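Construct all of the structure, not just a fragment, from the sequences and the given hints.
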Amino acid sequence: MFELPPIPAWDGLHPLIVHFPIALLLVAPVFIVLGLVIGRHARLFMTSALVLMVLGTAASYVAVSTGEAAGKLADRTPVVNQVLQHHEELAERVRLTFTVLTIVFAGLLAGPALLKRQLARVPMTVLALLFLGVYGAGAIVLANTAHNGGRLVHELGVRSLMPEAPLPAASADLDD
Amino acid sequence: MTTPRFIRPAALALFVAAIAVVGFGLPGGEAAAAATGKTLDNLNAAFNGESNAHARYLAFATKAGEEGYGEVASLFRAAARAEEIHAANHATVIKKLGGVPKADIQAPDVKSTKENLEAAIKGESYERDTMYPEFLVQARKEGLRDAIETFNFAKSAEAEHATLYTAALANLGALKGSQAKPYFVCTVCGNTTPQMNFEKCPVCFNGKDKYIQVS
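Residue numbers (my numbering), protein chains in the order written: chain A, 1 to 176; chain B, 1 to 215.
What the hints contain is simulated information worked out from the structure, not anything from laboratory work. Just so you know, not all the hints are guaranteed correct.
[To be verified] A few chain A residues facing chain B, derived, Cβ under 8 Å:
| id | residue |
| --- | --- |
| 1 | Leu4 |
| 2 | Arg43 |
| 3 | Glu68 |
| 4 | Pro78 |
| 5 | Glu155 |
| 6 | Ser160 |
| 7 | Pro166 |
[Said to hold, decoys possible] Straight-line Cα separation of at most 25 Å, SDA-like style, residue types lysine to any residue; simulated pairs:
| id | chain 1 | residue 1 | chain 2 | residue 2 |
| --- | --- | --- | --- | --- |
| 8 | B | Lys38 | A | Ala165 |
| 9 | B | Lys208 | A | Lys116 |
| 10 | B | Lys208 | A | Val80 |
| 11 | B | Lys200 | A | Leu90 |
| 12 | B | Lys141 | B | Ala45 |
| 13 | B | Lys111 | B | Gly177 |
| 14 | B | Lys210 | B | Phe198 |
| 15 | A | Lys72 | B | Glu149 |
| 16 | A | Lys72 | B | Phe205 |
| 17 | B | Lys122 | A | Pro78 |
| 18 | B | Lys38 | B | Gln138 |
| 19 | A | Lys116 | A | Val126 |
| 20 | B | Lys200 | B | Thr187 |
| 21 | B | Lys210 | A | Glu68 |
| 22 | B | Lys95 | B | Glu149 |
Remember, predicted model here, so these are calculated numbers, not experimental data. Cβ coordinates follow ideal geometry from the N, Cα and C atoms, glycine included.
Set out below in structure tokens:
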């Protein structure tokens with residue numbers, strides 16, 4: 001039967017939303033690499049990478065905000081406080097880093113068109129590789145943030161407050 | 001085939017409505033929860049406890065000052081301010097749930113600073129290990145977010161107070177003749193610390209501009 005999921009409050013959205021920046025921002029550089037390797041559709045791949053970065057960065061803002069709301073309700077111990085504070089600091093760094101990286105990448109893509117001057121393939125490739133290097137450092141911070149979030153949930157048992165929902169009815173097969 | 005003109009605004013309106021419902025969390029909010037449960041009694045008990053702790057620590061601070069423990073007096077004053085913040089936070093939630101905050105302030109039992117510190121550690125440890133954890137379990141059962149938040153803030157600060165009092169007691173001999181020392185108290189959650197080595201409050205995540213100095 002079709003059923004609507006219960007709608008969580010802002011803090012309860014954190015477990016859902018955190019996966020978006022992780023997935024989107026870690027996949028984005030794959031498209032940059034594809035754009036460099038498959039030169040024919042470079043523009044399409046680079047634009048796709050930019051779209052992923054924009055969405056991932058926007059999701060990071062929502063993740064930080066919902067995370068702060070969820071953190072205020074989390075069951076606190078000194079260890080939880082320590083990890084939570086570190087997780088929060090890293091998340092803010094991720095938000096700032098990817099905001100800057102997204103703006104820079106948008107500039108790299110739009111710059112030549114705006115200046116009406118196309119960069120040659122070699123300098124463009126060098127710039128993209130440099131960008132990927134810095135992006136890699138950001139991705140490490142992102143992975144660390146995710147790891148600390150995972151520690152909070154799976155090691156320290158911190159849970160978000162979920163909306164109440166009735167248990168699903170037992171299926172007829174199980175009853176038999 | 002052309003898209004009817006009303007489709008785009010309608011889709012946009014639906015999207016905005018969905019975001020608004022999710023953002024404001026209407027079904028998961030405080031109003032949906034039973035406001036007459038045990039948590040209201042717990043909030044009142046906590047409000048009474050924090051209000052008394054505020055009065056008691058101010059009296060302990062005066063005694064510590066008289067005995068020449070300036071630094072301990074500062075700590076008691078900072079903790080008193082934190083307890084006042086907790087009481088105010090609890091009172092806000094009590095009113096939100098339709099209750100009336102009431103406190104029965106007892107005359108503080110003031111002894112020597114050493115005994116006062118021991119009594120304070122006992123009180124804070126009870127709140128940290130027993131009272132607030134039990135209140136939190138109940139508030140979670142009732143899904144009362146504001147109550148969970150105010151209990152959480154208080155529990156974290158009481159844990160910090162217990163640590164600071166324990167350190168002061170262990171070092172009491174060396175603190176004889178000490179001068180007043182600045183402590184920093186978060187005006188949102190009551191977190192109390194001797195040094196602000198962070199950008200955001202580790203308990204409530206507000207900026208450190210929310211902290212006040214108490215000495």
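Now for the hints, and whether the structure bears them out:
1. Hint on A/Leu4 is violated. Least Cβ distance to chain B is approximately 11 Å, over the 8 Å limit.
2. With 8 Å as the threshold, the beta carbon of A/Arg43 stays out of range of chain B, its nearest partner Cβ sitting at about 27 Å, so the hint is violated.
3. Residue-level restraint check for A/Glu68 holds (minimum Cβ-Cβ distance to chain B is 5 Å; threshold 8 Å).
4. Here the hint on A/Pro78 is kept, as its CB sits about 7 Å from the closest CB of chain B, short of 8 Å.
5. Taken as an interface hint, A/Glu155 does not check out: its beta carbon lies about 19 Å from the nearest beta carbon of chain B, beyond 8 Å.
6. Below 8 Å, beta-carbon pairs count as interface contacts, and A/Ser160 has none with chain B, the closest being about 11 Å; its hint is therefore violated.
7. At a threshold of 8 Å, the smallest CB-CB gap from A/Pro166 to chain B is about 13 Å, leaving the interface hint violated.
8. About 22 Å separates the Cα atoms of B/Lys38 and A/Ala165, which keeps this hinted pair within 25 Å; it holds.
9. A hinted pair counts as satisfied when its Cα atoms are at most 25 Å apart, and B/Lys208 with A/Lys116 does not qualify at roughly 47 Å.
10. Pair hint B/Lys208 plus A/Val80 holds up; C-alpha atoms about 20 Å apart against a cutoff of 25 Å.
11. With a C-alpha separation of about 12 Å, the suggested pair B/Lys200 and A/Leu90 falls inside the 25 Å cut-off, and the hint holds.
12. Restraint check: the Cα-Cα separation between B/Lys141 and B/Ala45 comes to about 18 Å, which is no more than 25 Å; the hinted pair holds.
13. Distance restraint check for B/Lys111 and B/Gly177: the Cα-Cα separation of roughly 19 Å lies within the 25 Å cut-off, and the hinted pair is therefore satisfied.
14. This hinted pair checks out: B/Lys210 and B/Phe198 have alpha carbons roughly 12 Å apart, not beyond 25 Å.
15. A C-alpha spacing of about 6 Å is found between A/Lys72 and B/Glu149, which places the hinted pair at or below 25 Å, so the restraint holds.
16. For a cut-off of 25 Å, the pair hint linking A/Lys72 to B/Phe205 stands: about 8 Å separates their Cα positions.
17. A C-alpha spacing of about 18 Å is found between B/Lys122 and A/Pro78, which places the hinted pair at or below 25 Å, so the restraint holds.
18. Of the supplied pair hints, the one linking B/Lys38 and B/Gln138 holds, its CA atoms being roughly 7 Å apart against a limit of 25 Å.
19. Between the alpha carbons of A/Lys116 and A/Val126 the distance comes to roughly 20 Å, so the proposed pair stays at or under 25 Å and holds.
20. Of the pairs offered as hints, the one joining B/Lys200 and B/Thr187 holds, with about 13 Å between alpha carbons and a cut-off of 25 Å not exceeded.
21. For the hint pairing B/Lys210 with A/Glu68, the CA-to-CA distance comes to about 16 Å; that is within 25 Å, so the pair holds.
22. At most 25 Å may separate the alpha-carbon atoms for a hinted pair to count; B/Lys95 and B/Glu149 meet this at roughly 15 Å.
When the structure is compared with the earlier hints, violations turn up for hints 1, 2, 5, 6, 7, 9 and for no others.
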